[in-house]
Amino acid sequence: MRRRATGTARHRRSLHAAVALTCAGLVLAGCTAAGKAGESDSGSAGDATVKVGLVYSRTGLLADYGKQYRDGFMAGLDHATKGTRKVAGHRIEVTEQDDAGDPGKAVSAAKSLIGKGYKVLAGTTDSGVALQMAPLAAQNKVLYISGPAATDAVTGINDYTFRSGRQSYQDILTAGAMLGEARGKKVTVLAQDSTFGQANVAAVKAVLGARGAKVGSVLAPPSATDLTPFARQVKAGGPDLVFVAWAGSTAPALWTALDQQGVLEAAKVVTGLAGTASYPVFGAAGSKVSFLAHYFPGAGGGNAVEKSMLDSVEKAGGTPDLFTPDGFTAAQMVVRAVEQGGATDTAAMVKALEGWSFDGVKGKEQVRAGDHALVQPMFVARLRGSGAGARPELVTTEPMDEVAPPAKPSAG
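Residue numbers -16 to 395, in the numbering used here, belong to the letters of the sequence shown in order.
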């Protein structure tokens, strides 16, 4: 292969996780070493069973997102196999492993699965986990389909790694679509002075700055609780677009300050739409904010694949949400890889996925052959209502080619 460029306590936990991921963050990798897994005689060419290891956050901070992914995967598997869990004469056997958002646990689980003959791995809610799993897949020549992890660094990382969700570049391009012609426009990134915030400033500069926008930032100390001065500073700068990248429990106070200081009327304010649990965070400000959205139920326009996912997940007792499509798409990719590439030939599986265009939950999607980016539509939404009654409404759909990341991945 060729080389490429590189309420209740539960509700409170859900809300905390949602707030932490409200915008397009870039999560840095941990330091766990990804070594070569042990050899095994299982999974031979004569074995009609395809073993798939699903490594995701069943527990930990991202457990709610992990459940969304897992529910979507099972629904996608049923959809793609017409309920049989078989493809091309091969039975698909799924084994779930909890990484708890810990790269070390994920790598340990993956090594164990590979040592038992697993040729396909999927999952990973966290970017740091994905960046450790990808080298492991290449070293052991197994197919790895990353999940909701948004870091751009996963795209093009090696021949064996694909992604079933969106990446940060697509988020920022969606925000840029709301700006229109970028040249000469002023963009302010409002964030905390942290790794998370600084990464978002760098990403917006790389994307919108390259298009001619003048990108600046207002960074607040992570410990700040009085956010009025920062809202005033943003307004005083007179930006055309305010890109908000905020994590943590002070998010409600931030949106209140932006509303009270008139920032939401003075400029277009954009942030990422996270899961359902995050909607109440915005309070009365929610209806005045423009949201870039990876997905929310109904965003696909009720196409047949989206309807299949929604019906299947709800029938199983789950609730479709932000990352449900990532799991569903991963299952579609697994079935395609086995159907066209066989049960044991990983190189053939990779070839079967490269360049594949298909009908997905979000509409037409494509696995880009050159770097395995998942080119897909993105959405612009607004919130109607407030508090527990807030619900997203589709404003526009950005075509997949308009928000496609560059062929050479950014160093996200």
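Each hint should be verified, as a subset may be incorrect.
As the list claims (entries may be wrong) - Beta-carbon label-pair distances, calculated as ranges:
1) E297 <-> K69: 46 to 54 Å
2) G245 <-> K99: 42 to 50 Å
3) P389 <-> K124: 24 to 32 Å
4) G72 <-> K298: 26 to 34 Å
5) T42 <-> R215: 39 to 47 Å
6) A287 <-> K169: 36 to 44 Å
7) T42 <-> Q323: 18 to 26 Å
8) P389 <-> G220: 24 to 32 Å
9) K69 <-> T208: 52 to 60 Å
10) Q323 <-> N286: 38 to 46 Å
What the hints assert, rightly or not - With a cut-off of at most 25 Å between alpha-carbon atoms, the simulated BS3-like pairs for lysine-lysine come out as follows:
11) K88 <-> K65
12) K188 <-> K251
13) K65 <-> K334
14) K69 <-> K218
15) K168 <-> K188
16) K271 <-> K168
17) K347 <-> K290
18) K65 <-> K298
19) K88 <-> K69
20) K94 <-> K168
21) K197 <-> K218
22) K124 <-> K168
23) K65 <-> K169
24) K124 <-> K334
25) K124 <-> K94
26) K99 <-> K290
27) K65 <-> K168
28) K65 <-> K271
29) K88 <-> K99
30) K169 <-> K218
31) K124 <-> K88
32) K271 <-> K251
33) K197 <-> K251
34) K99 <-> K69
35) K124 <-> K99
36) K169 <-> K124
37) K271 <-> K218
38) K197 <-> K271
39) K65 <-> K347
40) K69 <-> K251
Derived from the structure by calculation, the hints contain no laboratory data. C-beta: ideal position from N, C-alpha, C; glycine also.
Could you tell me which of the hints above the structure violates, numbers in ascending order? Violated hints (numbers, rising): 1, 2, 7, 10, 11, 14, 19, 20, 22, 23, 26, 27, 28, 36, 40; every other hint is consistent with the structure.
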